[in-house]
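**Q** Chain A is already provided as a structure; the job is to place chain B with the ligands on it using the hints.
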Amino acid sequence: MILFEEVSKIYAGNHGALKQVDFHLKQGEMAFLTGHSGSGKSTLLKLISLMERPTTGRIVLNGNDISNIKGNDIPYLRRHIGMIFQDHRLLMNRSVLENVGLPLLIEGYSRYEIKRRSLAALEKVGLMGKEDCAPIHLSGGEQQRVGIARAIINQPPLLLADEPTGNLDPKLSLEILSLFESLNEFGMSVLIATHDLGLIAKMRYRTLTLKDGEMINDGLMRERNG
Amino acid sequence: MANQMEDKKVLSGSPRITKVSFLGRVSAVIRQHFQQAFSSFSELWKTPFATLMTIFVLGLALSLPSAFHVLYKNAERVTGQWDGASEISLFLKKDISEPRVQVLINKLALYNDIDSVTYISRHQALEEFKEMSSFSKALNYLDENPLPAVLVVVPTKEAMNSAGSKLLVAKLEREQGIDLVRVDVDWIEKLQAILSLLVDIVIAIAVLLLISVLLIVSNTIRLNILSQRDEIEVLKLVGATNSFIQRPYLYVGAWYGLLGGVIAWLLTFAMVTWLQSGVMSLMGLYQLQFEISLMSFNEVMTLFGVATGLGFVASYVSVKQYLVKIEPK
Ligand SMILES: Nc1ncnc2c1ncn2[C@@H]1O[C@H](COP(=O)(O)OP(=O)(O)O)[C@@H](O)[C@H]1O
Ligand SMILES: [Mg+2]
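Chains A and B, in that order, give the protein sequences.
Under this note's numbering, the residue at position 84 of the first sequence is numbered 84, and the numbers go up by one with no gaps.
Under this note's numbering, the residue at position 93 of the second sequence is numbered 93, and the numbers go up by one with no gaps.
No lab work stands behind these hints, which were simulated from the structure alone.
Computed from a predicted model, the values in this text were never measured in an experiment.
Just to be clear, a hint being listed does not mean it is correct.
Simulated restraints on C-beta separations [stated by the list, open to error]: (1) A:Ser37 <-> B:Ala28: 41 to 47 angstroms; (2) B:Leu294 <-> A:Tyr112: 43 to 49 angstroms; (3) B:Glu233 <-> A:Gly126: 23 to 29 angstroms.
Glycine included, C-beta positions come from ideal geometry on N, C-alpha and C.
Just chain B, same shape as in the assembly:
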């Protein structure tokens, strides 16, 4: 061991530089990192058109998942506000008499978790049904009105959440003269169903887009490596380590990712602001207060981080696959 150290000294001996201190080496590595990070950034702009194209494509691919994330976040807030029953329909027994219906209505009006009760008589129900359906002629041939009377109950705001409405439904089911209690959460439920379907679709699309980001960057880096084969060989000949040679490519990949992330952020911002005006006027129509929230600082940083990481990983794959295998001949 000692002998080997001695030999190394002899090898590096004769008229050459003395040993470099540990601090000296650390500062050399840091200096190299800075130099390579910045020179790889300026390297990008030697082919501005190709670089811009790549970055824009990356930005586009990243902006779709990120814009969807913002929309989903807002949609969740909407459904979160009304996740209970909005209406409860009570289908009355057909043989119930009008006075008893009136008694029931009065009784329900005393419930403190019910906001309002609307009575739809069997006759009204039939008329409504005739208006809505194309069976109106056929219905004329029926001897008897097949439809039950309905009480439409709107719970108070407090009772609208899922726990409250469950309690209310249980109470209503115990009332006499009621055939069926149906909780009307349809539009919320539909929205949630659509959302969860959309989430599945968008996750699939997002995964494909992120994979395409990986492929775009790693292919760009691969082409860079192959076109600089001679340079890489020369660097290896004069004693450059793999980590020295690969660093600029890793930086370039990370730069691509980061710049693509910035483009994605701008595109997301543009898309959501554009949507916001539409949503605002829609909400205004229903006299609802709702403001779309944009990306938070943390989300923007996450986007940048993910984008940079993807770029880095993609170039790392190419570096390991191509650069490391290049040997001088």
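Isolated chain A, as found in the complex:
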């Protein structure tokens, strides 16, 4: 699904944010990406979603080399990636339903089809009955689930989440994670960036660890007390 080959990223006027990173995420695999703040987690996700371009190295997404993809092709590529952010990135002047339906709207689906599938996506994340709310009136956990519903409405093969539980308490965080697990069971590949080691330790998934832009560990995280 995702292949990084000696990928480096150097921001203008900065030391390297990513240094010679190699990894491979298989189709249908779920993994965590961890490391201290500033270690390069967001940068790595942005390279996949083409919000940033690698300075050197090669990134292959489902067999397509995206290192030098044309700007015009980026929107179509992003339609195959569900993205989830710590700050949700919802449109506050639109209803929950409209937010969830955005990816379908831009693809030109009919109003009816958009509504039908948006409601189905909201059901999947457990937000039935909230479709007409303004996002601002929802709790943090609910807003995050709206963001997830928007990310999965297109049934993308890949889900990227950048600190999806960053603003949530531990109980809600676990709920969100189990939502990712169920999506993964449907066959979606999932990559979750988080610095919450306690959360990762509770689940037994592959964990990629970054430190100052270098991939220092790739494997299972052990729970600290056992």
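**A** Chain B with the ligands alone, transformed into the frame defined by chain A:
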């Protein structure tokens, strides 16, 4: 190549929608256009006051060139009706005797392109001149009347056009006893001179006004874009193309232009109708038949088209300058 196609299928594979047919895609694009055109129209009225102000300013800016166009069109018709000589003055030689003048007058009366001949003797000319000028006292000190006698010739209507009057002038110049032939086209000439000067001024003003329309619309669109930066970023994140995101702004610009054009049309109509009553009574004074023509259907459509086009171009400039450069962070 085939391999790449295969990869794309894999990417879009797994539990997702099947391929959309060509017709399906075309109808999706058309549907999007309609949706975006109408939703951008209703978007305008979420801030009715600001929108009305903008549209009114645009209408005002567009109405001046369009009202002038209508007036110019009518003025051209006026001068077009009388573009030849209205009067020809024949200055007679000073030593010509009264009987010979009489012979000349009789001869001219036989010209079939002359309507009437009026004789102003040297004495009458002096009296007239005294009446008109402030030199009357000074003139008393002159031993001799310096003014020549004049025959004022009015050509027939047919001979009044420029070709006819040129022919007539050539004939008159061959007559004996005439010192100078002066064609009197002054008021027409003056009107035409004023008009062409006005045209230059108005074209300059119109260009400035149209530029200001461009600036007003592109600035309004620029502010819209900058205030919706977050929304634009999110749309780009979920895979919207630039052309999808920019379309509503282009539609809004076009709507501004079109609505401004409608206001301009109404204002032009009001201005010209108001002027019409004045012109009619003036023309009535001179017993002239003249009706001001308003804007034709084609002209109204041209106004709307130009206005809409300006709005579109203005928003296009802002879109290319600001929207396209917004990238999600
Ligand atoms: N747009 C940017 N311009 C310059 N430096 C950046 C930019 N984004 C991130 N960085 C730097 O790159 C490094 C990695 O950042 P980031 O990927 O956001 O880390 P993380 O998400 O793990 O906290 C940091 O040192 C950060 O300051
Ligand atoms: Mg980060």
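**Q** If a hint holds in the structure, say so; if it does not, say that too.
**A** Results of checking the hints against the structure:
no. : hint                                      : verdict
1   : A:Ser37 <-> B:Ala28: 41 to 47 angstroms   : 42 angstroms, holds
2   : B:Leu294 <-> A:Tyr112: 43 to 49 angstroms : 48 angstroms, holds
3   : B:Glu233 <-> A:Gly126: 23 to 29 angstroms : 27 angstroms, holds
Violated hints: none; the structure is consistent with every hint.
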